[in-house]
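Trainee: First to last, the protein sequences are chains A and B.
Each residue of the first sequence is one higher than the one before, starting from 16 at the first, in our numbering.
Each residue of the second sequence is one higher than the one before, starting from 690 at the first, in our numbering.
Simulated from the structure, these hints should not be mistaken for lab results.
There could be a bad hint or two in this list.
[To be verified] Once the Cα atoms are required to be at most 27 angstroms apart in a straight line, the calculated BS3-like pairs of lysine-lysine come out as:
1. LYS257(A) x LYS343(A)
2. LYS343(A) x LYS122(A)
3. LYS705(B) x LYS148(A)
4. LYS727(B) x LYS705(B)
5. LYS32(A) x LYS47(A)
6. LYS310(A) x LYS138(A)
7. LYS727(B) x LYS147(A)
8. LYS101(A) x LYS727(B)
9. LYS815(B) x LYS104(A)
10. LYS319(A) x LYS257(A)
Listed below are the residues making up each chain.
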Amino acid sequence: MSKLKYRIIPEGMLEGKYIPITAVFIDYADVKACGLTKREACEKIAAEIPGPAGLNMFDMTATTTNSNGLMLDGGMLCIAASDYGKINKDFGYMEMVEIPYSEELIKEEPHLKQWEKNFPGRKLYMGPDPNKKIIPIHNAVLTGRAGNNNSGTEMMHYINMEELLLPITGQLEIMRDGNLELGGTGGVISVGIGMVVGEEYGRIVPRRQWKCGKTAHNSQEYAQYLKSHIPIIASDKSELAKATIKALEAGMIPGRDIGASPSILSVARHMGIKPDMENIEENAFIELASIGCTKEWMTEDVEKLSVEEIIERAHEIIPGIEEPKRYKASDLVQVKYLEV
Amino acid sequence: MKLMHTKLPEFIRKMKKIAATLGSEYKECDVVGLENLKTAKMQSNRTGRIERAVEDIVKHDDVHKVEVAVIPRIPESMHSCIIRGFDKDGKPVHAILETINILHPTEDVLIHDCPDVIDRRPSIGKH
């Protein structure tokens, strides 16, 4: 018998925030050590959870991208949704596709220039293959009351219809036993996650439907309200600052190569990096201005800070998250072991 | 085409008739999930299979009532949304077409506490 390790945030109240379904985080290295397939591991863990749950599995030796095109330390391999201890055979499980490196890919998706510079040799996983995935539009899996959407970053309960936002940066912090912030998503992040990059196998939107500089929300002043009421478990802002700095130091320009989100713009300002104002479309400017990131704010000269100072002052520099509280991952996430 | 597709009211009537007549006693049958459809043509061969399923359920002595719930097989459905404005005489005068994609619970919410479940559906993509 082997013991399969997994991390879990149970359904219910968490430090004053309602978690609508149980969230599970699994390391593929632990799954391999137990001699299980990815699906088998999800099914065995699901069998331990009577209520609705979302399950995400990671390869921490791989890389992925977030909505804004930042490349990150770690990638997601598959997602599942379970309820009553089971995973729906047709719609409850989905794997992400490994994306091979090519010059053509880098040309079409210039944010991936980070790959060779920051994560050379790593496998890249984003979303599922849009031609093979199981439902037409959303990158989602569903079982009973549980939904695990947007490639594992948005979990929802289909009866009470409550939702939880789990940005990939926060989930990777959970996998590293790092530092988290818990709060309300708020208007700034609601706008920021719409500043996407074009990706053929995007974790949220496939087929390069939007180019960098456009807004996926395309909702003008209403974009700030799209996700604002939802609880969020995100990475500590100092960790987000590190990932952002890494991308900016690799030559990524906000609004041209990576999304001009408030968090990226905020860090870039203090590094003296200007966004590509010509490439950002007017609808994106309207959404950004609605939460205070005006054109003047983006281009004004502010105090230039060292990388260390930006990381140190990340909570003051990076906006977003309503009433945030900071935690060690171990304060919010339980570690469990299952005999398999 | 009459033999290929069944009218919606007839589909509902057939289910209620089987429940009422083929059990050991009169049994009620509710058809739910089609309330937003006023008219529709239902696959006739599948109507027959569903009639058979109602018969098989109603013949159990421990069954006192039957429900036929019709939900989307794919738990994400794509819809057109037609927004119409009417004048004081009830005549449509303005319309805008939009689209909305809806995620909804799978069948598991209806069968999770049922001890006897037989899945007679063909796999996705086969009819």
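Trainee: Hints broken by the structure, by number, lowest first?
Mentor: Hints 2, 3, 5, 6, 7, 8 contradicted; others consistent.
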